[in-house]
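Trainee: For reference, the chains in residue letters:
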Amino acid sequence: MSTIEVAARTSEDHPPAPLNPARRRWTRFILPAYTLLLILYLASPIFMMFLYSFNDIPGDRQAAKFFGFTLDWWKNVFNIPGLPDAFRTSLEIAPVSAAFATVLGTLLGLALGRYRFRGLRPVDFVIFLAIAVPEIVLGASLLSMFVLAEFPPLGFITILLSHVGFSIAFVAVTVRARVQGLDRNLEDAAQDLFATPLAAFFKVTLPLIAPAILAGFLLAFVLSLDDFVITNFVAGQTPTFPLWVYGAQRIGIPPQVNVMGTLLFSAGILAAVVNVLAQRRRGRG
Amino acid sequence: MTEAIGAGDPPPSRLPERRTLGSRQRLTPYALLGPAGVYLFVFFLLPLALMLYTSLQSGGLLSGGFRFSWEVSNYADVLGQYQRQFVRSIQYSLIVTVVALLLAYPMTYWIAFYGGRFKSSLLLLILMPFFVSFVIRTIQWKFILGDNGPILGALKSIGLLPDEFRVLATPFAVVAGITYNFLPFTALPLYVALERIDKRLVEAAKDLYSSRWQAFRKVVWPLSIPGVFAAFLLTFVPATGDYVNADLLGGPGTTMIGNIIQQKFLLELDYPEASALSVILMLVMLVLASLYARILGTQDVARAAGAQV
Amino acid sequence: MSERERSMVDPAVMQEILRRRLTRRSVLRGAGVGVAGFSLASLLAACGGDGGGGNGNGNGNGNGDGETGFDIAEIYAGEPGDTLSFANWPFYLDQSKDADGNVFNPSLRQFERDSGISVEYRDVINDNAEFFGAIQPLLAGGDNPGWDIIVISNGRYFTALVTNDWVYPLDPDRRPNFDANAASWAKDPAHDPGNAHGMAWQSGITGIGVNRQMVNGPVTKMDDLANPDKVGTSSVGMLEGDMPDWVMINLGIDPQTSGPAEWREAAAWLQMQQDSGTVRAYYGNDYLSELQNGNLTAGMAWSGDVLYSEVWLGYDMEFVFPESGALLWIDNMLIPAGAQNPVGAAQLMDFYYTPEVATMVTEWVLYMSPVPQTQELIVQDAEAAEEDGFKGYANKLYQTAESEFLYPTDEFLARTSFGFTDWTDEAAEEWDSIFLPISQG
Chain P
1 MSTIEVAART
11 SEDHPPAPLN
21 PARRRWTRFI
31 LPAYTLLLIL
41 YLASPIFMMF
51 LYSFNDIPGD
61 RQAAKFFGFT
71 LDWWKNVFNI
81 PGLPDAFRTS
91 LEIAPVSAAF
101 ATVLGTLLGL
111 ALGRYRFRGL
121 RPVDFVIFLA
131 IAVPEIVLGA
141 SLLSMFVLAE
151 FPPLGFITIL
161 LSHVGFSIAF
171 VAVTVRARVQ
181 GLDRNLEDAA
191 QDLFATPLAA
201 FFKVTLPLIA
211 PAILAGFLLA
221 FVLSLDDFVI
231 TNFVAGQTPT
241 FPLWVYGAQR
251 IGIPPQVNVM
261 GTLLFSAGIL
271 AAVVNVLAQR
281 RRGRG
Chain L
286 MTEAIGAGDP
296 PPSRLPERRT
306 LGSRQRLTPY
316 ALLGPAGVYL
326 FVFFLLPLAL
336 MLYTSLQSGG
346 LLSGGFRFSW
356 EVSNYADVLG
366 QYQRQFVRSI
376 QYSLIVTVVA
386 LLLAYPMTYW
396 IAFYGGRFKS
406 SLLLLILMPF
416 FVSFVIRTIQ
426 WKFILGDNGP
436 ILGALKSIGL
446 LPDEFRVLAT
456 PFAVVAGITY
466 NFLPFTALPL
476 YVALERIDKR
486 LVEAAKDLYS
496 SRWQAFRKVV
506 WPLSIPGVFA
516 AFLLTFVPAT
526 GDYVNADLLG
536 GPGTTMIGNI
546 IQQKFLLELD
556 YPEASALSVI
566 LMLVMLVLAS
576 LYARILGTQD
586 VARAAGAQV
Chain H
595 MSERERSMVD
605 PAVMQEILRR
615 RLTRRSVLRG
625 AGVGVAGFSL
635 ASLLAACGGD
645 GGGGNGNGNG
655 NGNGDGETGF
665 DIAEIYAGEP
675 GDTLSFANWP
685 FYLDQSKDAD
695 GNVFNPSLRQ
705 FERDSGISVE
715 YRDVINDNAE
725 FFGAIQPLLA
735 GGDNPGWDII
745 VISNGRYFTA
755 LVTNDWVYPL
765 DPDRRPNFDA
775 NAASWAKDPA
785 HDPGNAHGMA
795 WQSGITGIGV
805 NRQMVNGPVT
815 KMDDLANPDK
825 VGTSSVGMLE
835 GDMPDWVMIN
845 LGIDPQTSGP
855 AEWREAAAWL
865 QMQQDSGTVR
875 AYYGNDYLSE
885 LQNGNLTAGM
895 AWSGDVLYSE
905 VWLGYDMEFV
915 FPESGALLWI
925 DNMLIPAGAQ
935 NPVGAAQLMD
945 FYYTPEVATM
955 VTEWVLYMSP
965 VPQTQELIVQ
975 DAEAAEEDGF
985 KGYANKLYQT
995 AESEFLYPTD
1005 EFLARTSFGF
1015 TDWTDEAAEE
1025 WDSIFLPISQ
1035 G
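Chains as they are written, first to last, in the numbering used here: chain P, 1 to 285; chain L, 286 to 594; chain H, 595 to 1035.
Same shape as in the complex, but just chain P:
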């Protein structure tokens, strides 16, 4: 007898608590309003970035004053030496590293969340370590290792390898949290219906944990795109976008950086819109 049935039966005996309609209407808006405010706060530097991508500054480096509107920087986005290459490098590394990390991390999360096996504790511990180690420690130790092994040469490959390395654990933890809450009955039922555990996995488990996998992929993607600390140590002389911007901000970033940032952000909005449309079509509630 599940707790729900018990609860349902109880509710027949006791009528639901009386509601206060007026108060309810008002408090209903608190949380959504709060969420909206928080999202706005999160995005406020983005607005500044967008605004200042149009700043008509006399020199070629960002200034605090707003001089007026110009489309120059949008027209000449790729004119700053080194910036387009760094931008491209980041965009090439992020999806690849996120993909690898998601695959490896999902498998790992499944193993951790579902099975009891010898070595569970140590693996759990390693995952925890992978998250616990501050990025700077990981970056420096990776650098030492690459230098000692004298392979691969510091650059694109080492950045990619490092990004996958630190993303796996994040994906695994996200997936594991979801897996741990799964209803075993569903899986058992699936196993009764399908011939193999593998089919059961693909038809039942995978869709159930799909939101966590997606969340993990997004997390890994953003982590890679955004990463500065570890990349700073292992990139050699191959700048990624964050690295380039960090170096440039010392003397002032060129407005093209704001343009590119705006482009990245717009890509994100596009993804969100597409997502909304796709969900509507699927009729998911």
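Some hints could be false.
[Said to hold, decoys possible] Here are a few chain P residues that face chain L, going by a calculated C-beta distance under 10 Å:
| # | residue |
| --- | --- |
| 1 | Ile127 |
| 2 | Trp244 |
| 3 | Tyr246 |
| 4 | Val257 |
[Claimed, not checked] List time: in silico DSSO-like cross-link candidates among lysine-lysine, alpha-carbon distance up to 30 Å:
| # | chain 1 | residue 1 | chain 2 | residue 2 |
| --- | --- | --- | --- | --- |
| 5 | P | Lys203 | L | Lys484 |
| 6 | L | Lys503 | L | Lys491 |
| 7 | P | Lys203 | L | Lys404 |
If you're looking for bench data, these hints aren't it; they were derived computationally from the structure.
A quick note: this is a predicted structure, and the numbers were derived from the prediction, not measured.
Glycine is no exception: its CB is placed at the ideal position from the N, C-alpha and C atoms.
We have chain P; now place chains L and H onto it with these hints.
Mentor: For chains L and H alone, coordinates are given in the frame of chain P:
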């Protein structure tokens, strides 16, 4: 029968959360974790071991290089010298984590429970600013919060603030910056945990209890604790080692242990002492997090929540 | 040569430096320990085996020149490559916008046209220590450092690069312009006898940059930077790399003869300054944008940066030569070991000693050029501009040609000093232990 859901042992007829396996299936978990395990060994454990090794070296860059010599004095040296920065880092991260949790929880709660069709879109909305490099965002904050920038300049010119007032180069700016940058790492695990809580539990609770608040307190909150734990870990630990915010937004009195480690590695090239600092940092994190896990005992809660409905 | 310059090339001092270099190199070779400690040999040694031979630091094959272990003929054999990468400090090369609004470097473009080599120029160097730290792993591992030319100031990191064989020696036969046109201070400087490894890019002094409108009264001496009534709280920037030497100079100490006792005096002053609350942060080249946007009211600054901001960008800024002295430094072009195009690099380095090209650079960067003829040429440019009717532009050029910060008199130079030069590992360790805690809070 109506005790707080999530507590107590599952009835014997229920399957345990983790399976004990038949002989062929016994290999499955190993197969699953194999690829990731190898990868993590090569690109995570090995470098860390190397760091431990380096921390016991001595010598200097300009004269003969470093030699392994069981130089435990490295640890004594750095512990003596950098206590203040260690403590400061932990203080800052604690504040950051608590604030981030407080900020993120109501938002993720609302999205998980009331987001409906828009759940993933809202999630994407939260993550979207982080599609833009955090360096750019932090620079924009540095600009926004500048002494005579858009906000402070305006307030100063109308006399609401004294001329010497500043936000940058203060601990507040650093903590605010770290909080801002780590918010998604707090929000995502919270969301994942909240989202998988069966909404029917909440409905049932609402039928049983008189207010949404009690339903929250007795049902949602306990079930979300694994998520809170994950969020705490994912925020507190990396935040302690952060150095970029202190670098861009801070001043001399806000130096964190991450700054020290970075300087020792990349500026002073004092690999042994830097490695010793890193090892210490790691150990402190381990101890703190294990304590946390023990006190909360999250394993039981997770198991029960999975088995109940 | 002035008295000062003569003392800088004291033969006895040179002997001492040479002797130490040889000793250190043989230690590297004999012990077989990689400088980063990460060679296989060192691991074996740790396990109890003998140090054994093995690579010292991945470079230097011990043939040819007995001093450096590099063979100049080998390095500079053949034709120059097609591309060249040049790392430099920001605001350190002439810049202009073409018709489409693209930013480019006129002098580089001329080089590219003349030589057929395309140059990738990046102003990524913000601080000597920082840049050194970034390329050191590559150099120590014998990897391609990613640059053919780098620019490093005289001092600790220059010394480290040279003593560890991490830079190629220069070929004395490939620099006719340098031989013909370089100033006497650029030839055979104390930190680089015979210009064996580097050629001066520019020289300059470290003084005080002041935002005139933002300070209460004139800022003329070092102690003003510790006076909150004059400069405000949390609004002074200090240059982390330069400050120990700079403070010593302003306390009346000669850094070149200083020792730990003097360093502690300087550290005490710096601590006092921090306690007074005036310091906002300790910077590399990034102080300039803070000074420009008003987050800093005053602070340590490099002459050319401030002059450029004042003259060409129109900021109400002033470069002040502190009452008690200023730090003099020379930035040097070096070719890191493992560079892909050393022949092209040598060509470019010498190209910048052509007077016309040096003038293009100096007119823009406003630092001390190693080519004295630039002064004359700037005046000529000013006259030409005046004739064309560009009065304002011409005046700026006249200002430039007459500035004692660019063309100093001997009297001016007498009030400047170089920084500490006697870098050994023990000295570095002591120095760090005294000065680092100040900026590490």
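Trainee: Against each hint, give a clear statement of whether it holds in the structure.
Mentor: Hints, verified against the model:
1. Ile127: 8 Å, holds
2. Trp244: Where the cut-off is 10 Å and the nearest Cβ of chain L is about 9 Å from P/Trp244, the hint holds.
3. Tyr246: Constraint on P/Tyr246 satisfied, holds at 5 Å.
4. Val257: Where the cut-off is 10 Å and the nearest Cβ of chain L is about 6 Å from P/Val257, the hint holds.
5. P/Lys203 / L/Lys484: 23 Å, holds
6. L/Lys503 / L/Lys491: 10 Å, holds
7. P/Lys203 / L/Lys404: Holds, at roughly 23 Å.
Every hint, counting from the list given before, is met by this structure.
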